Amino acid sequence: MYNFTFHRPTTVRQAAGLLARNPDGKLLAGGHSLLPVMKQRLAQPSAIVDLSLVEGITGVELKGRSVSIGAMTRHADVANSPVLKEVMPGLAAVPGSIGDPQVRNRGTIGGSIANNDPNADYPAACLGLGATIITNKRRIAADDFFQGMFTTALEEGEIIVRISFPVAKKAAYEKFKHPASGFALVGVFVSKRGPDIRVAVTGAGANGVFRVPTFEEALKKRFAAKSIEGLTIPASGMNADIHASPEYRAHLVGVLAKRALNKANA
Amino acid sequence: MAAVSMTVNGKAVTGDVEPRTLLVQFLRENLRLTGTHVGCDTSQCGACIIHLDGIAAKACTTLALQCEGSSITTIEGLAEPGGALHPMQEAFREHHGLQCGYCTPGMIMSALDIVRRNGNDLDEHLIRDQLDGNICRCTGYHNIVKAIESGAKNMAAK
Ligand SMILES: Cc1cc2nc3c(=O)[nH]c(=O)nc-3n(C[C@H](O)[C@H](O)[C@H](O)COP(=O)(O)OP(=O)(O)OC[C@H]3O[C@@H](n4cnc5c(N)ncnc54)[C@H](O)[C@@H]3O)c2cc1C
Ligand code: FES
Ligand code: FES
Numbered sequence: 112m113y114n115f116t117f118h119r120p121t122t123v124r125q126a127a128g129l130l131a132r133n134p135d136g137k138l139l140a141g142g143h144s145l146l147p148v149m150k151q152r153l154a155q156p157s158a159i160v161d162l163s164l165v166e167g168i169t170g171v172e173l174k175g176r177s178v179s180i181g182a183m184t185r186h187a188d189v190a191n192s193p194v195l196k197e198v199m200p201g202l203a204a205v206p207g208s209i210g211d212p213q214v215r216n217r218g219t220i221g222g223s224i225a226n227n228d229p230n231a232d233y234p235a236a237c238l239g240l241g242a243t244i245i246t247n248k249r250r251i252a253a254d255d256f257f258q259g260m261f262t263t264a265l266e267e268g269e270i271i272v273r274i275s276f277p278v279a280k281k282a283a284y285e286k287f288k289h290p291a292s293g294f295a296l297v298g299v300f301v302s303k304r305g306p307d308i309r310v311a312v313t314g315a316g317a318n319g320v321f322r323v324p325t326f327e328e329a330l331k332k333r334f335a336a337k338s339i340e341g342l343t344i345p346a347s348g349m350n351a352d353i354h355a356s357p358e359y360r361a362h363l364v365g366v367l368a369k370r371a372l373n374k375a376n377a
Numbered sequence: 062m063a064a065v066s067m068t069v070n071g072k073a074v075t076g077d078v079e080p081r082t083l084l085v086q087f088l089r090e091n092l093r094l095t096g097t098h099v100g101c102d103t104s105q106c107g108a109c110i111i112h113l114d115g116i117a118a119k120a121c122t123t124l125a126l127q128c129e130g131s132s133i134t135t136i137e138g139l140a141e142p143g144g145a146l147h148p149m150q151e152a153f154r155e156h157h158g159l160q161c162g163y164c165t166p167g168m169i170m171s172a173l174d175i176v177r178r179n180g181n182d183l184d185e186h187l188i189r190d191q192l193d194g195n196i197c198r199c200t201g202y203h204n205i206v207k208a209i210e211s212g213a214k215n216m217a218a219k
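Protein chains in written order, with the numbering used here: chain A, 112 to 377; chain B, 62 to 219.
This is chain B alone, in the form it adopts within the complex:
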């Protein structure tokens, strides 16, 4: 076992992990942050996307020990302490951007990365292209794309 320490959603955390422990396992099993999902475990579906030092990454394809000293944001870290949803979360609710919700945390973490890279004025084509690494089995993507376009705008307004 090896000791690991990092910042998760603004809080310093430590843990004892095997070197082969994936970041997603550390988040879900050690920290009980089960909002980050595992859809495929083969690096393809995006259900496990988190922000690693501000940049979207697949937590199923990252070792916990690779994140020593890093800062991680998960879906649990987005809402205000009082419970008010982040504008992007709110947009998914508003536009019915989910059905079963399994892909949603990854979609939202990906959406925020799209905003980081492309700004708040996004068109449908760009959003669809940039969601290449996120798979949804339910919605057909239509409302997800609408939610991201609107969430991005609302983030700028805030």
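Next comes chain A alone, as it looks inside the complex:
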């Protein structure tokens, strides 16, 4: 790892100030994406701004018809949140499927979303529920936030503070876990909130998380696995690597979408 200066602000404002003074600086949340990348010398931040002491950006709260999750909430704490398990177990299952217990003990929702790894789980949940990403500057709809592999709408010095998820009556996630890494080879999040139906896919796309309008349209008639029977998505635009071909990934999208629908209706 290259060296850096280390800072521990206690407010979002201080953190923003530190980033402004250190343009090559980076925020540190759980460190479970950033530190490995720094060890490989693929990132060389001049300053690290540790968010762990910042007040007011952890915890899961029910606010009206939405669940608001602080950016620094660890995966394990979201997965085990009693209120979330009660109102939307389909969302609680997402962090429960991430990595291993130690990764879940340290990794955070804000870090995962800011990183936007093409195989990460949370981006599918955000897009699949139409979440709003709340930063120190503005509110960003999930549809506008994820902009391709490791790319988001976040600007220089912008800090995710909370993520707000509308409570959907039906919501579920199905993931084909890569057996070695634990990441999603393909993951599909489905939800139904009144007339709003969403199907979001992670792991498969060559350009990161995406929605499947053909499936969403077909599900309008009836929100059930049967409605998308026989529908497929094209292999073009799917990711190809040593783990799976584009054709296999496209096939998994259909399979996992149906499983997720069955789970959401169970």
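Keep in mind that the hints were calculated from the coordinates and are not lab data. Predicted model, so just to flag it, every value in this text is computed and none were measured. Just so you know, not all the hints are guaranteed correct.
As the list claims (entries may be wrong) - Estimated spans, in silico, between C-beta atoms of each pair:
(1) Gly175(A) x Pro142(B): 52 to 60 Å
(2) Asn191(A) x Arg198(B): 25 to 33 Å
(3) Thr68(B) x Glu172(A): 27 to 35 Å
(4) Pro142(B) x Arg249(A): 49 to 57 Å
(5) Lys280(A) x Arg198(B): 41 to 49 Å
(6) Gly175(A) x Gly143(B): 54 to 62 Å
(7) Glu185(B) x Gly170(A): 29 to 37 Å
(8) Glu79(B) x Thr121(A): 20 to 28 Å
Stated by the list, open to error - Under the rule of at most 30 Å between Cα atoms (straight-line distance), these lysine-lysine pairs were calculated in the DSS-like manner:
(9) Lys196(A) x Lys214(B)
(10) Lys303(A) x Lys331(A)
(11) Lys196(A) x Lys374(A)
(12) Lys207(B) x Lys288(A)
(13) Lys196(A) x Lys332(A)
(14) Lys214(B) x Lys72(B)
As the list claims (entries may be wrong) - Some, not all, of what chain A presents toward chain B, calculated at C-beta under 8 Å:
(15) Phe115
(16) Thr116
(17) Phe117
(18) Pro147
(19) Lys150
(20) Ile159
(21) Asp161
(22) Pro212
(23) Val214
(24) Asn216
(25) Arg217
We put the CB at the ideal spot given by N, CA and C, even for glycine.
Assemble chain B with the ligands onto chain A, guided by the hints.
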């Protein structure tokens, strides 16, 4: 260099570290607590697992400075001062839950976290699932799983 202070195995410690110093380096090189191992250095094997404020974490994926003011427990902190092994350590010995021993400190720290989260009555399926972040190149896991099941029970009996 930056000053860092924390509590390790119940003792207050301080040190001068570079900001990039990992917790595992601080434990092994500054404090000479070499029971915490580095198996992969890529956050995958679990040989470096310690408890950070009571919760299992990978010391190779944590900066020493992130632990300022925190309380750390390592494998060295489990046995009684007189040398009597912790019930979980004893169970690994009893059930032959190790061969070379390289993964063992991480396995035991992980096992205690499994007990913290799931109680003392553990089944094989849950233990195997929860050992996702611990890799052993020797044992085939069979005896590790048996050791954890038994160690958890003995902890309750104590
Ligand atoms: C062994 C292993 C297995 C894993 N398996 C999975 C898996 O199955 N599924 C999965 O989805 N992920 C997986 N991960 C990744 C894990 O979930 C990470 O914790 C997560 O991607 C990043 O969160 P973090 O809190 O660790 O962020 P960090 O690593 O601290 O930060 C990541 C990036 O986000 C930025 N950032 C952090 N917080 C904020 C904020 N509040 N505002 C703006 N920017 C911010 C940082 O500057 C950095 O660029 C795995 C990681 C490991 C090590
Ligand atoms: S050395 Fe930390 S996980 Fe392998
Ligand atoms: S006993 Fe040798 S690695 Fe587990």
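Determine which of the earlier numbered hints do not hold for this structure and return their numbers in increasing order. none
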